[in-house]
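If you read the protein sequences in the order shown, they are chains A, B and C.
Counting in this note's numbering, the first sequence runs from 479 upward without gaps.
Counting in this note's numbering, the second sequence runs from 2 upward without gaps.
Counting in this note's numbering, the third sequence runs from 32 upward without gaps.
Keep in mind that the hints were calculated from the coordinates and are not lab data.
Every residue, glycine too, gets a C-beta built ideally from N, C-alpha and C.
You may find that some hints are simply not true.
Unchecked claim - Taking lysine to aspartate or glutamate and the EDC-like style, the derived pairs with C-alpha atoms no more than 16 Å apart in a straight line are:
{"id": "1", "chain 1": "C", "residue 1": "43", "chain 2": "C", "residue 2": "85"}
{"id": "2", "chain 1": "A", "residue 1": "517", "chain 2": "B", "residue 2": "92"}
{"id": "3", "chain 1": "C", "residue 1": "259", "chain 2": "C", "residue 2": "182"}
{"id": "4", "chain 1": "C", "residue 1": "119", "chain 2": "C", "residue 2": "182"}
{"id": "5", "chain 1": "B", "residue 1": "153", "chain 2": "C", "residue 2": "182"}
{"id": "6", "chain 1": "C", "residue 1": "119", "chain 2": "C", "residue 2": "79"}
What the hints assert, rightly or not - Only part of the chain B face toward chain A is listed, based on derived beta-carbon distances under 10 Å:
{"id": "7", "residue": "95"}
{"id": "8", "residue": "149"}
{"id": "9", "residue": "159"}
{"id": "10", "residue": "187"}
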Amino acid sequence: MSAAGRGREGEWALSFHAIIFWALAAMTIVPAIGIVVSKNIVHMAFWLLGTLLGVAGLYLHMEADFLGMTQVFVYIGGINVLLLFGIMLTNREPLYVRAAVKRPAIASAVLLGVVVAVGLIQSFGATEWHTVKDAVAPGLADASAKAVVNGDGTAATLGTYLLSDYILPFEIVSILLLVVLVGAAYIARRDPEGGSA
Amino acid sequence: MESYFTFVSSVLGFEPTSLLGFVGAIAVWAVPITAFVSVVGLVSIWLERKISAHIQCRVGPMEVGPHGALQTLADGIKLLGKEDLVPAQADRILFGLAPMLVFASTFVGFAVIPFSQKAVIADLNLGIFFLAAVGSLEAIGVVMAGWSSNNKWSLFGAIRAATQVVSYEIPLGLSLLAVVVVAGSMSLNDITQAQSGWVWNWFLFRNPFMWAVFLIYFIASLAECKRAPFDLPEAESELVSGFHTEYSGMRFAIFFLAEYGAMYIVSAIAVVLFFGGWYTGIPFLDHISGSIGGTTGVVVENLIGAGTIIVKSFLLICVQMWIRWTLPRIRLDQMMDLCLKYLLPFSLVLLVAVSLWQAFQGPIDGGNSVMGMIMLAATVASLIWMRRLAGRVSKASALRRELPVVKTGL
Amino acid sequence: MATSDAIIDQVKGQFGEAVLESSTPLGFPTVCVAKDRARDILTYLRDEPGLEFDVLTDATAADGLKYPEPWDTRFQVVYHLRSSRDGKRLRVKVGVPERDCTLASVHDLWKSANWAEREIFDMFGVRFEGHPNLKRILCHHKFKGHALRKDYFIHDGQWLDEPETLLDEIGDWGENPADEGFSELVPVNLGPAHPAMHGTLRVFAKMEGETIVKAVPEIGYLHRGFEKHSETGNWTMVIPYTDRLNYCSAMLNNIGYVRTVEKMFGIEPTERCQYIRVIVGELSRIIDHCVCLGAMLVDLGALTNFWYLFNIRERIYHLLEGLCGARLTSSYARIGGMAHDLQDGFETELREILRDMPRNVSDVLGLIAKNRIFLDRTVGIGVISREDALSWGWTGPCLRATGIPYDLRKVEPYDVYADLDWDVATRDGGDVHDRAMVRFDEMIQSMRIIEQALDRMPEGPVMVEDKRVVLPEKDKVYSSIEGLMNHFVLIYDGIKVPAGEAYVPTEAANGELGFYIISDGSGRPYRIHCRAPSFYLYCAYPSLAEGNMVADAVPLLGSLNIIAGELDR
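Hey, can you work out the whole structure from these sequences and the hints?
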């Protein structure tokens, strides 16, 4: 039984659980703001590291251990490094955002942000969330929640789902990634006729 | 995963509902890990010096302590006292953050490395996955160090390091997966317990492919640790000192410590995955609590376990050092070739092979032990054969060969 | 082989009046040609079948301002040519007057002329017309005056501290993204303080990723003015300076210098002296190769080999230390012989070293000879063709690695090399691997030579008995007036080398080490020029490094064994 499941509603705001949550939330939001206000592209990429770590922490906090670690493994170990790579290898000497962003661009960005935020809040509200507490109740048989409660983690359940109920989407995504990989390799390939590209 | 709340409470024996409790929990475990990382660093740096010295017909440090054992400590104190230099044009914040990030990625890994059945800080269900994930953090720390130094050699080193670490993560991960397939678990504890019993129950001898899996893991782990022949990121003859060229004093010491810590981690993982973890390979010793009994028995058993895994890990570290002082460095493109053209396809094939073997042979009762004995015998035989082969190579060495006699036409 | 006279006659027949003068001083055919026809004559000498002087061994100059008998022109530019076909040599001298201090460049005939002409420009101020990059090479770019002119005084100190940007040589960066050749090039300075740059070399490189697109070298960081310095003392005082040329094999430099002076005297050293020179020379060659191979393997990341090789070197240094009291700076040779005989126990110690050396060398080879990584890193890297190697003026192990068995010890035997049984080591690849392997082979051949020389070495004096060059024995000085006078004159005036000029090449560890000496008959050298093998090896380095990755350029440099001491002089 985790501490998360034990706190009563009234104590929520003061509990240790909350401190951790707010810390992680700050860890996610502050670097996100950093990305937006930073002028140096490389700094942006390093700010992103903080955001990604914060999100990973939130996942872990929500008992999604596999997802949290995948976040670290794929997004930080892979994507963030590749991002830095791309910036360092393609950008010329001054790594600063050169042209000042124009007003209309800011306005449309804010508009887009509001729309996305509203959509997200809407969908959060509409979704029926299965909490750990619910899972203990006899009526609900959410296997992943049970696994969490039993301390087995989510990996096994996730694996079972991916290879049974969700096999089709899983395979489609795999094939899509394969296509992307082949396409990238094709584009990056050196032209054998024209010598080194 | 048992969430860290459960974990912390099980460690502390009470439920940390306050920040104080949380900090206390961190302190209880962080201090011994720090101490252990430092000791591992001290011992392995001393070992490196001594092994390299003896390989190279030297004696190495002899003055500080018996056989120079305290030399590293003296060096550490010296580094602590050094001026903290930051290059004028460096990005000061990132420059300071980079060694911490690199060290943290190593440091966190120690939390899940088991020392014996009882002595493990966090026995995660996803232990291996966790190690792979935090290990990948190191790459970003190295890029940060290289970029913030504002030195081209550092940047070259950082880019080399990132390329190398990101690429070798794939064969490394695949070889870990092969072991997971055999063990049926990602928990380091479960994996170790699946290897209890005699030596031939170790995963290394579990099926005919495990040796190859181990070799791929070992090669990839050398690359992950940036050890020779994969020391391109700090290739001292080309890049001055690579990504840590501009670092001095304690910041450099932290990089150094992280490197040796990482060597211990990959060795300990190899020991857990392939060499029976804390098991000595002799059932009587591994279950000595049965014959001694009581608390003493448990303590002795755990001590034997901890000793075993540490000794095995250091043996592997010695192999890493042996390789470092034997082989030249490979080149960037050759490094990528090796990874993408050889290790990656081989590790994929091995994963499939191991899975198939597991599917068809696994259910056979007692088959594992028989297979293990056969494989153990085969291993010993091939080692002897390789020794003889090596002898033959040196006999045919270039010196004994006829020199080309060239007529001087002038 | 065409005789000297035949060559001279052929050139005279072709160019008539343009050949102002011809002679064969000390057996070296020499023609003096008119300045305006010099380039035509040199082209003819290179291309004419039967002559085919395809190697410009060396080019230098001399200032006749203070020469007792006045020269026709103030400066003489001196080309030393060699034919790789039959080994014949020719010296071509061109007079250049002070007023019109120019000469047509021959950098397109021989690649080696490029740097040689830059050096002449730097030291004498002769402008080579048509030279693509006529800049100072050894002196600082802000240096005023020309150091080797006789009216430049050695005490004229100049304070120079501004580094050279080299931006004029590196060329266009492809800065504009709209250009067709636009690329992401990064400027990088390799050196002068970089672990790969043995000594103090600097290479300014344009990099695309890890690949060197263009490399521009800058040398001269270790320029000490050896040639100018030599003109200030007497002939014996030059010997210690030669130690500092190739400091990895100082003995060979000593021997090279004293052989040239002996040639001008017409002195043949005693037989024992010749054997000693062979033995200490080959020992120096072994230690030089140890340094080169050790450093090159360190460049590849193989540190252990370095120690194995340095164990050999250390034992030989111990032996040489007993012989002459110094490890690096031996100063052991003297004009007319050696400073003294071998020490007691030399032979025993040397035989022990020779006994252990094969095992030490095979330890190193055992680590690399069949090492896949070593082979991948060295085979096919930095390949140079035979023609290019000759045109760049390469000699020594690097030339032999292209398959040309040019070894002065065989081609123009001196001392007792002709009597000993040994082979010239060659390889065919011309790459880093073969340059390394030739050096290993040569170490083994040197062991053979030393063993035989030890067996055959006769007893006897190590100095000639020639009162022009050798101090008389002490009891003669104290007991006879002739001895005292002789001693006094030699100490007071120094050795008086007969007036004339000579070029004597020696096979040093890196290749042909030649001393071109002009004497005016006084007790001081008038002009000493050292033809340093590293200088001509290194001028080819940028073109070899371009297109390679940094990781390859570094062992490539190691395989050339550039010693800054003789490169910068």
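Comparing the hints with the structure gives:
For a cut-off of 16 Å, the pair hint linking residue 43 of chain C to residue 85 of chain C is broken: about 20 Å separates their Cα positions. The suggested pairing of residue 517 of chain A with residue 92 of chain B holds, with an alpha-carbon distance near 14 Å, which does not exceed 16 Å. Distance restraint check for residue 259 of chain C and residue 182 of chain C: the Cα-Cα separation of roughly 11 Å lies within the 16 Å cut-off, and the hinted pair is therefore satisfied. Of the supplied pair hints, the one linking residue 119 of chain C and residue 182 of chain C is violated, its CA atoms being roughly 36 Å apart against a limit of 16 Å.
With a CA separation close to 45 Å, the supplied pair residue 153 of chain B and residue 182 of chain C exceeds the 16 Å bound. Between residue 119 of chain C and residue 79 of chain C, the direct Cα distance comes to roughly 14 Å. Compliance with the 16 Å bound is thereby established for this hinted pair. Interface hint at residue 95 of chain B: satisfied, since its Cβ lies 6 Å from the closest Cβ of chain A, which is below the 10 Å cut-off. This hint holds: residue 149 of chain B has a C-beta 9 Å from the nearest C-beta of chain A, less than the 10 Å allowed.
The closest approach between the C-beta of residue 159 of chain B and any C-beta of chain A is roughly 8 Å, which is under the 10 Å cut-off, so the hint is satisfied. Given the 10 Å rule on beta carbons, the hint for residue 187 of chain B holds: about 7 Å separates it from the nearest Cβ of chain A.
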